[in-house]
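Here are the chains, one letter per residue:
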Amino acid sequence: MSFPLLTVTAAVPAVGAILTAAVPAARRTAAKWLALLVSLATLVLAAVVFVRFEPGGERYQLTESHSWIKDFGVRYELGVDGIGVALIALTALLIPFIILAGWHDADPLETSSKRWRPTQGFFALILMVEAMVILSFEATDVFLFYILFEAMLIPMYFLIGGFGDRAHTGSDENAAAQRSYAAVKFLLYNLVGGLIMLAAVIGLYVVAGNFSLTEIAEARANGSLEMATSTERWLFLGFFFAFAVKAPLWPLHTWLPNAMGEATAPVAVLITAVVDKVGTFAMLRFCLGLFPEASKWATPAIIVLALISIVYGALLAVGQRDIKRLVAYASISHFGFIILGIFAMTTQGQSGATLYMVNHGISTAALMLVAGFLISRRGSRLIADYGGVQKVAPVLAGTFLIGGLATLSLPGLAPFVSEFLVLVGTYARYPVAGVIATTGIVLAALYTLVLYQRTMTGPVKEEVRELPDLRVRELAVVVPLIAVLIFLGVFPKPLTDVVNPAVQHTMSDVQQKDPSPEVEAAK
Amino acid sequence: MSANLAAYATSSGEAVQFWVLGTVAVVGALCTILMRRAVHSALCLAGTMIILAVFYLANGAYFLGIVQIVVYTGAIMMLFLFVVMLVGVTAADSLKETIKGQRWWAVACGLGFGILLAAGIGNASVKEFAGLGVANSAHGGNVEGLAALIFTKYVFAFEITGALLITAAVGAMVLTHRERTERAATQRELSEQRVREGTHVPPLPAPGVYARHNAVDIAGLLPDGTPAELTVMQTLRKRGQIRDVSTEALADLKALEQRSEERLGRDRDEEEATR
Amino acid sequence: MNPVNYLYLAALLFTIGAVGVLIRRNAIVVFMCVELMLNACNLAFVTFSRMHGNLDGQVIAFFTMVVAAAEVVVGLAIIVSVFRARHSASVDDASLMKL
Amino acid sequence: MENLIALLVGAPLLGAAVLLLGGRRLDRVGHWIGTLFAAASFAIGLALFADMLGKSADDRALYQRLYTWIPVEGFQADMAFQLDQLSMTFVLLISGVGTLIHVYSIGYMEHDERRRRFFGYLNLFVAAMLLLVLADNYLLLYFGWEGVGLASYLLIGFWQHKPAAATAAKKAFLVNRVGDMGLSIAIMIMFTTFGTFTFGPVLGATGETSEGTLTAISLMLLLAACGKSAQVPLQSWLGDAMEGPTPVSALIHAATMVTAGVYLIVRSADIFNAAPDAQLVVTVVGAVTLLFGAIVGCAKDDIKKALAGSTMSQIGYMILAAGLGPIGYVFAIMHLVTHGFFKAGLFLGAGSVMHGMNDEVDMRKYGGLRKYMPVTFVTFGLGYLAIIGFPGLSGFFSKDKIIEAAFAKGGTEGWILGAVTLLGAAITAYYMTRVMLMTFFGEKRWQPDADGNPPHPHESPKSMVVPMVLLAVGSVAAGAFFEFAGFVEWLEPVTGFAHGHSPLSAATVTTATVAVMVIGVGLAYVQYGRKPVPVVAPRGSLLTRAARRDLLQDDFNHAVFVRGGTHLTRSLVYVDHTLVDGVVNGTAASVGGLSGRLRKLQNGYARSYAVSMFGGTAVLIAATLLMRAV
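In order, the protein sequence lines correspond to chains D, H, X and Y. Numbers in my numbering are just positions in the first sequence, counted from 1, shifted up by 18. Numbers in my numbering are just positions in the second sequence, counted from 1, shifted up by 936. Numbers in my numbering are just positions in the third sequence, counted from 1, shifted up by 3. Numbers in my numbering are just positions in the fourth sequence, counted from 1, shifted up by 3.
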């Protein structure tokens, strides 16, 4: 019995969450440091997983398997492929920055009672989410995955509803009402998705007789598990719906702007950069892995939805007046790219989509966290309330610009690599879709630069004249993120090495081959 | 009781007993739920339970039959009656239903449930049955047989139910017992208080004063014929169980006067006649 | 006659008891109906015991009685204290189960 | 030697990193650091050039492969460089002119507190531009392509506190992005067609695919070129880009970045050669822009915008030449280089004038400056003579060749293109003479600036003058040097070369060119040299007014894209809120209503609940029985 590395990687933040929650009310700072240390320890463990993972080896590595609910064949089964490893690394990388960025977001107000201890709860919930997300990237048992997929909603619900952005317009009651609206909307959307998925999970069990991803996929591949076409399609739709809500795909996206707008910036990052990735990840692993035929059947429709997401999200981002909602709509556009890449069913598309998940996480984190720092200084989320910030806080403006440039996929920054791969991969199979998706790069430039122009340039507004520049803690958040963005932008090899074999496996799952170039085909 | 391993029918005597007593039991049960007064319900229920005891005996459960009479009919039903007395033996429930549709739903569900239950029994039942002859005689009798089971196989359950009983007893005491938080006032203090307050310095009037009945729940009448509630004991007063007989009493008085008038009149007539 | 008839009787009594629980408002009568239901079950147990030829059914019936006794004690105590507080033994008076 | 190629890019990149990350403590030496790194790049370029000259013509290309940039199955993008004669030409132009402009900026930006950052951006630009021309595949070229776009964005918007500058920067980036879309689609088509996007394999395999595919690639590349090189219909950003500091206008928006489109087309010569339809489109775009820019240049009173129009027009020449195929490629590049010298010189001259005139840009408020700024006058004048194609100066040689090649295109097209280029030459002469006369001749029309200070024109400091002089030398001599040193032979191995068969003899064309030039100058002299220039611009003809507004192109963009886009986004926001979200909220509301009604079942009576329990039990029993029965 080897060392259960994967379990430990997920268990450390879980235990850390409990410990953080148990810190006495008065020792708030201790709780913060504890949470930070735990998240760093998780990062180290994730790095170990990354290093221990052999790209050329078995598809699923570091596997663990224990019986859990015998009667239904549910097993506690873990294993990572390249995609999982990449996303675990992303999660573990982002959480310390999220914690650091949210350092003061949950400090109790002066007026609140002494026994009130929101800080401990805030950081404990973040760690809890981390644990669940990491474990869901590791789970190779459909039932285990489903439970985590649902369970992570609970801490997220409290994070959104309980710790809102203190920068709001209107009265506190009004803000609280909007916050709880956003939290409930988030919960309901995802619960409905989860409910449908539960039906599909049960259906899968009825058809397949067990929940093991590897066993089912194997049985599907060697023909020992026949599935009627209609059954497969229904099950596929059940799974896909849940993932499309989480991802989120047009027209199931409307919860995201509310949730991201009302939550604090670090929590917004947690939503879009970490939790939502579970949706796209699951599309790759479960939709394509378990229902290859149905995936191919649904591809045209999904491609169309993804394209709508790309263009629609970008256009709506242009029309936003609230900085955080703008980033949310931009994320919807980016998720469109990810889903497009997944369902283009080419090596480039899927590699690109996987890289995109990682890169989008980092770039959105950079942009959103800087935006959060800005918002917390001025106390307003409205773009119109800013102007000329670069004059008073050049470093803040500079980092904001870099985050924005990453969002618009400037070459040299990580998102470019993934976006281009997605575009190329899509074009290879669906040229029209590829061309339409390309308009996304123009629109991305539009919303990013308009945002930058309206907030950072122009004459200095009276209200922002006194804004301080980034502090050391904030620099410690932003600078490493930017460094990673640049590093992965010019040298993405460490990531692609891990991802490539996994993508090859997925491609063989769906029995697709890249269309060979015209010239070679002619030969 | 036959000691056959398997039988197909009971004796015809038992059949007669079943049909007769069974009918009575069902009637008793129906009366339990239909009687307006709780005390009548309790009595009907007691009757049904006794019949059930007979059935236990008929089924070879001698110990249980006796226990049923002693514990259930004897103790539990007495407890019920005691509480009924405490709450008010004469209080009759209104049988008018207050929740809309409740009664119809209840009856419909009951019918459905009963039919389904019967269907289930009919579905599952077997023609033959084993009888208790062997089991009862294995340890020398029904009681010994039960004892052997209770103190071996079911000993833990037995212990736990014992604990449960104790807990229940303590619980009932805790629930009904009111802790006295201050020293009870002595008689002397009470009388001093009465004097201080200036009300009812003398003892409370007995219900018998001006009363036409010697029941405790009927208030004595004041000289003007109105009832004096003070004359009824506190408990009944609180329960609102004072029987107001003032009008009745006045009517009675009038009738009496009229009757005596008549009598006197007749006497006078007679006198005048003799005169 | 087949002892199954005892079962039918038990079912009938049980149903009557259940309907009684539903339609009566006096807590004491409701309680009695519950007792009726328990007794019906006991009858079924005893009959099963006879039909299967072992005493386990009777043991269960015995335990049922014990538990019923405990229940009655506590239940009546509750009724008494509720009555003391509210001067009523109607179950409908305690309609606090909605928002 | 090939290991030095990466250093070409690396040196200015390092400079940019040092300057931008160095913080305030480098403020005092930042400009020297920036200049040093740019000069280092130029020095390395010269070393490589010397090495290259020493090799035979067919063996001059150098390759350096650093590592695989994007390694994905079937998709290998290398971080690899290719240095051939074409790239070499650009390297020298970029690093050379770039270094000069660094030197110039030391003086020009002296009083700007953010000078260090300015030099950082300049270095970043040089690095990106060198990456663009040194890349050995289209994707890496794209990297550089967007990199220069970024640098251009940062530099146009350098004075971000001016809303006009910020808007102009954004506009430049956005319009460029439209072009970038073309480049990325072109790369996608290449990848699906050839399975690669490295220059060698792609350009070598053009014979193996259909003309339709190649036309598609060509048109997409043309779109990219239009964006970067400010060609119609994506030209609108260039005029606004003049909001940036003048050295930026000189380096990026005159000499180097805007010519990247020409580089792209010439680099992809093999693709264009195989797609004649696309080539025709290229020439048309070039011709239209040529006239467009020239007409706009005539109407502008802002000296920099007039020069911007001129830049557009001159690049139109280059694009046109590039569209002519092998007969034009070399001349496109040749004109590009000479243009790089004289237009940079003109811009620096303009900057020098503005420097002396309190940053006034309106030529109507200049006049008679030749006495006050003699060196500027001479260098600007030499650049002026070069651009109008005064015989013997650099513009003469390169432009004449393009006009000749346009005629040599043959057929009706040849005549039309030739005529357009000649007309363009005439207009060029006209508007440049106008600029010259309004600025340096005539009486003083100086106005005090916003703070009421009257201008005190003076010659600029040495650091500004020296680059101007050097560029003037280039403007004078480059054409003749290329003509006689064998520029055609130098580039031929890369771009190919074919002699056109012009219906007119070379002498005829030259004569015609000089003639139209003289006509243009004469017209301008009549209009601006003989009569005093009004300080307030006259209303002018319809064409003049339209030209002042960039021939209404901006108004069109504004009406269609900006207003239309605003309406579109607003209505989409509305749709998202009411329709998409509304459906969901409506569902939620109806569920809420239903539960409101169901809630009445919860009446709080325990007996009522007991009925449901009882009913439920009955249903359960029924279900059990049914299951058994089935």
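A hint or two may mislead.
Pair ranges (Cβ atoms, derived) [as the list claims (entries may be wrong)]:
#: 1; chain 1: H; residue 1: A1105; chain 2: Y; residue 2: V633; range: 24 to 32 Å
#: 2; chain 1: D; residue 1: A65; chain 2: Y; residue 2: H561; range: 13 to 21 Å
#: 3; chain 1: Y; residue 1: A626; chain 2: H; residue 2: R1173; range: 53 to 61 Å
#: 4; chain 1: Y; residue 1: R602; chain 2: H; residue 2: R1039; range: 36 to 44 Å
#: 5; chain 1: Y; residue 1: P166; chain 2: D; residue 2: V497; range: 25 to 33 Å
#: 6; chain 1: D; residue 1: E484; chain 2: Y; residue 2: R367; range: 37 to 45 Å
#: 7; chain 1: H; residue 1: R972; chain 2: Y; residue 2: A625; range: 54 to 62 Å
#: 8; chain 1: Y; residue 1: T627; chain 2: H; residue 2: R1039; range: 24 to 32 Å
#: 9; chain 1: Y; residue 1: A625; chain 2: H; residue 2: L1101; range: 34 to 42 Å
Sample of chain D residues lacking proximity to chain Y, with all beta carbon distances greater than 10 Å (derived) [to be verified]:
#: 10; residue: A316
#: 11; residue: T317
#: 12; residue: L333
#: 13; residue: D515
#: 14; residue: S534
Derived from the structure by calculation, the hints contain no laboratory data. Note that the Cβ used here is the ideal one computed from N, Cα and C, for glycine as well.
Checked hints:
For A1105 (chain H) paired with V633 (chain Y), a C-beta distance near 49 Å fails the hint of 24 to 32 Å. Hint check: A65 (chain D) to H561 (chain Y), Cβ distance near 52 Å, so the stated range 13 to 21 Å is violated. Between A626 (chain Y) and R1173 (chain H) the beta carbon distance is about 55 Å. The supplied range of 53 to 61 Å therefore holds. Distance hint check: the CB atoms of R602 (chain Y) and R1039 (chain H) are about 23 Å apart, inconsistent with the given range 36 to 44 Å.
Against the hinted window of 25 to 33 Å, the Cβ-Cβ separation of P166 (chain Y) and V497 (chain D) comes to about 30 Å, which satisfies the hint. For the hinted restraint 37 to 45 Å between E484 (chain D) and R367 (chain Y), the CB-CB distance of approximately 42 Å keeps it satisfied. Between R972 (chain H) and A625 (chain Y), the C-beta spacing of about 34 Å breaks the proposed range 54 to 62 Å. For T627 (chain Y) and R1039 (chain H), the Cβ-Cβ distance of about 27 Å falls inside the hinted range of 24 to 32 Å, so the restraint holds.
Against the hinted window of 34 to 42 Å, the Cβ-Cβ separation of A625 (chain Y) and L1101 (chain H) comes to about 37 Å, which satisfies the hint. For A316 (chain D), the non-interface assignment is confirmed: its Cβ lies about 21 Å from the closest Cβ of chain Y, beyond the 10 Å cut-off. In this structure T317 (chain D) is separated from chain Y by more than 10 Å, as the shortest Cβ-Cβ distance comes to about 18 Å. With a minimum CB-CB distance of about 5 Å to chain Y, L333 (chain D) fails to clear the 10 Å threshold, and the non-interface call is violated.
At roughly 7 Å from the closest C-beta of chain Y, the C-beta of D515 (chain D) falls inside 10 Å, breaking its exclusion from the interface. Distance check on S534 (chain D): its Cβ comes as close as 7 Å (rounded) to a Cβ of chain Y, failing to clear the 10 Å threshold; non-interface status is violated.
Going down the numbered hints, you'll see the structure goes against 1, 2, 4, 7, 12, 13 and 14, while the others check out.
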